[in-house]
Amino acid sequence: MARTAVLGRLNWKLGEVVELIDETPRVRSIILDVPEWTGHRAGQHVDVRLTAEDGYQAQRSYSIASPPDQNRLILTVERLSDGEASPYLVDELRQGDVIELRGPIGGYFVWEARIGGPLLLVAGGSGIVPLMAMLRHRAASGSTEPARLIYSSRSFEDIIFREELERLTARSDGVEVIHTLTRTQPPGWNGYARRIDARMLADTAFPPASRPVTYICGPTSFVEAASRALVLLGHEAKRIRTERFGPTGG
Amino acid sequence: MDETNLMVDGNAVAGVLGEVFVHEMTSARVACNGCGEIEPIGAEHAYVQAPGIVLRCCHCEEVLLVITQRGGRYLLGFKESRWLQIG
Chain X
1 MARTAVLGRL NWKLGEVVEL IDETPRVRSI ILDVPEWTGH RAGQHVDVRL
51 TAEDGYQAQR SYSIASPPDQ NRLILTVERL SDGEASPYLV DELRQGDVIE
101 LRGPIGGYFV WEARIGGPLL LVAGGSGIVP LMAMLRHRAA SGSTEPARLI
151 YSSRSFEDII FREELERLTA RSDGVEVIHT LTRTQPPGWN GYARRIDARM
201 LADTAFPPAS RPVTYICGPT SFVEAASRAL VLLGHEAKRI RTERFGPTGG
Chain E
1 MDETNLMVDG NAVAGVLGEV FVHEMTSARV ACNGCGEIEP IGAEHAYVQA
51 PGIVLRCCHC EEVLLVITQR GGRYLLGFKE SRWLQIG
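So the sequences go chain by chain: X and E.
For the first sequence, the numbering used here gives the first residue as 1, with consecutive numbering after it.
For the second sequence, the numbering used here gives the first residue as 1, with consecutive numbering after it.
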């Protein structure tokens, strides 16, 4: 009886690194085989626990990038210069390594095809990761619910999943992506070149009357600015779900 | 550092709550004793940098829940939570 109760809770599992993909100079996708994985929902995260040789442990949360419709678990991690765990995960981890993780965790910041839309996604930097799981799930499930991603990156090179996003929009099944590049822009860039603000959201987001379901993810200050602007524009606060990374952004 | 930048969402507390509760807790709804608003824990404001975790109402910033843990023992203080609906 006690065993059943414990199994219902979060247990640490082992995941083997089967592939590593460099997404940008600072971001890497870690593709894991987790034999005990029981599935997840788009938007959920895992806790990763790293143990040093002297026994010191560091634990961090990372969003799941893979859709539920796929059997490999993908975590996409940004290296934070002052981070404890991310420099190891991005620079040191090798194929065949085994890491400890637990999850899936969370049930609030989650989108499933049956929730419907229109689906409005607002991402700052690596805040794209859980939103990408939603877009991937949308594509895999055959949903034609209109989806719009407004995505803020520092530079063109820092756009995570850029080519895959291009492919998703090229399917012409209702996905639109609007980029803004806040620090540097390539020559000839004719997109937005500033931080997300109310004016930009007024021009790019679904109108409040269409009652989109909205997910915003990124550094805390980014999420604050975007969610306040949307409420100011008349969007219902209760239809806006947020995931704040804290001060460092991932 | 600007203190508001330390704020994250109730989602960030999901792991610790998952150690204690059998149910998924970010979807659990909590009623604030301060302003009366009812929200899922995932929508509330969380401060996780302190030795303990503090969950505050996203409407009025009253302290809803404080969690501290030490040596496998958890202490949960339901400060201004009127009720918690789980499952």
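No wet-lab data here; the hints were simulated from the structure.
The beta carbon of each residue, even a glycine, is placed where N, CA and C say it ideally should be.
Take the hints with a grain of salt, since some may be wrong.
[As the list claims (entries may be wrong)] Here chain X is said to cover these stretches of chain E; the calculated rule only asks that three of the stretch's residues, wherever they fall, bring their Cβ under 8 Å from a Cβ of chain X: (1) 10-16; (2) 67-81.
[Said to hold, decoys possible] Derived contacts from chain X toward chain E, CB cut-off under 8 Å, selection only: (3) A58; (4) I105; (5) Y108; (6) E164; (7) T182; (8) T184; (9) P186.
- Query: Which of the listed hints are broken here?
  - Reply: Hints 2, 3, 6, 7, 8 and 9 contradicted; others consistent.
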